[in-house]
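Chemist: Since the structure of chain A is already known, use the hints to place chain B on it.
2 protein chains.
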Amino acid sequence: MARTEIADIGKQAALDRLFEGSGFTNEPTIGLRQSGGCCTAQKLLLEGCDFDLVYTPIKHLGYKAVLCVLGEIYASLRQPAALSVNLGLSKRFCFEDVAALWEGMLAACREHGVKQVGLDMGPSVNGLAIALSACGTQKKSVIGKLPATKNMDLICLSGHVGAAYMGLHVLEREKVAFTGTGEQPDLAPYKAVLASYLSPEIKPGTVSRFVEADVLPSRGYFLTRGLGEAILRLVRDTGLGAKIYLEKIPISSQTFAMAEEIGMDVVTAAMNGGDDYKFVFTLPIEKHDVIRKDFQDFEVIGHMAQPDVGAVLVTPEGAELPIHAQGY
Amino acid sequence: MARTEIADIGKQAALDRLFEGSGFTNEPTIGLRQSGGCCTAQKLLLEGCDFDLVYTPIKHLGYKAVLCVLGEIYASLRQPAALSVNLGLSKRFCFEDVAALWEGMLAACREHGVKQVGLDMGPSVNGLAIALSACGTQKKSVIGKLPATKNMDLICLSGHVGAAYMGLHVLEREKVAFTGTGEQPDLAPYKAVLASYLSPEIKPGTVSRFVEADVLPSRGYFLTRGLGEAILRLVRDTGLGAKIYLEKIPISSQTFAMAEEIGMDVVTAAMNGGDDYKFVFTLPIEKHDVIRKDFQDFEVIGHMAQPDVGAVLVTPEGAELPIHAQGY
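Residue numbers (the numbering used here), protein chains in the order written: chain A, 156 to 483; chain B, 156 to 483.
Hints were generated in silico from the structure; no laboratory data involved.
Identical copies carry no separate label here, and so any pair may be met within one copy or between two of them.
Within a straight-line C-alpha distance of at most 27 Å, the following computed BS3-like cross-link-like pairs (lysine-lysine) qualify:
(1) Lys398 x Lys166
(2) Lys295 x Lys270
(3) Lys448 x Lys305
(4) Lys358 x Lys295
(5) Lys294 x Lys270
(6) Lys358 x Lys270
(7) Lys246 x Lys330
Just chain A, with the same shape it has in the complex (with noise of 0.2 Å):
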């Protein structure tokens, strides 16, 4: 394959050449001039923490560090409209391989309806570092609207948990027998999980659905680190309590079927697992019949409890487990 040193192509020629075509100019800063609320998110993904290339299309990457950031404004009930993007990229890195991650940016920003990016490049010392910034805006009279989060809101659930993480699991053991043994492994039994951890996707209405029915969360979360970790921040950020049932709890039987293959806690995998790229939002009990009705694909895991409640997970047996999160 065709391998082109930006070192030698210049990195401003590399820029133009990246946004040739694209529809897109490149912005040095991102500015918006909306006049409702606008909003900010940022993520710095690490090659060797964050994400490994040795099983990850560079393209998929790009791909999905843009849902990442983007992630982040939709559970704070904007819409995105801007993207700012700075690789620091080593040695190893070639213009091809920055072409390739860009264009998965680019697949994202044009499905979520991004409209102003910009892209800068630096060199790094070890590996990939791509830090991301993300803009979104509302308008006033929705961020006006959003409700207080109140005890016994309902805490749902925009899809499956712990998928990912099996996903990732299989990578991280296929890479080490691999390298063992130098046989590409049959990975088809496992497409499901590794497609939630490779291809996560979010809808691009996830937001606009919600104003339009008029159905406003109080409170949004997008879960990278956790479900666990979600709740946890949610019961900080309002001083409530919530509970978390067990049983309501969304897993694929994939997911399932994995767990037991590798002698893993299935619940250990849907609370902690990490990289689910759903959302939880929060929404007032009085909204429940359209809850019902008109967002099926939401699940009500749980409900907003009193403060000395805490964080805890409801067993079906009815015993309330305090919930934990993981590491670093």
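Modeler: Chain B alone, transformed into the frame defined by chain A:
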């Protein structure tokens, strides 16, 4: 000195401690509800490429890193309002290191009226990675009134250039000497150039003074990669030409002396040195008299020209040299 591992106290507890008594709360997404235009700038600083902790005190690094991104906000003619920081930390870094870094960051925030801050951290395989994004705001009435850049607009520079590069040169030289002999270098003679590199400053009134005097620049650039690179961006962004007069570029006497000492062309240091943390603003020529009277700290170093002129440096003898940017 005390050394507390972040893994021992946990990330959340570490973040809590860093905000304790700071007067700030940690906001994961920074939201602005201003009615004017908001603007976001982003920087990614990587150890070994963008900074060297052998000679940079970590608290100074924090202060300087924040200025690095706030400078872009001022250059866009906004007032800094919010800052979000993401750190990647290898095991070398303990809580006390992060606390010193954060102390420098908060000092810069206080000085520049940043009201909302967010901090997050995660692991890094190698060294320290610092991602920063800042949001700035400006009244709609100001943004709407910014003039277009025209031929003959004045190009103004906010201070002398080249000194920071000389400071970096001294530090790199003494690092090599120290590694060789173990002798502590005498840096007293280089105090001014060292301060330019290690402790740059930005005046908090950088933008507001223009607004108050009703002398609005058509464009602004923050100098981190050399004056030459900024002039090239200016020409690129406007589609016009630019003439810079060599004898008008302010260079400090210590920069001259250092250039002589190391046998380096002082013009190269001034044009391509980098890390100046100064501003280039273009201002309508009609404002010439006001600028000379009320903006005496600005030096008029040149003017915009017809597109076919390109970006040129005019020597005292009248020769026109094309301006080049330095590498990747």
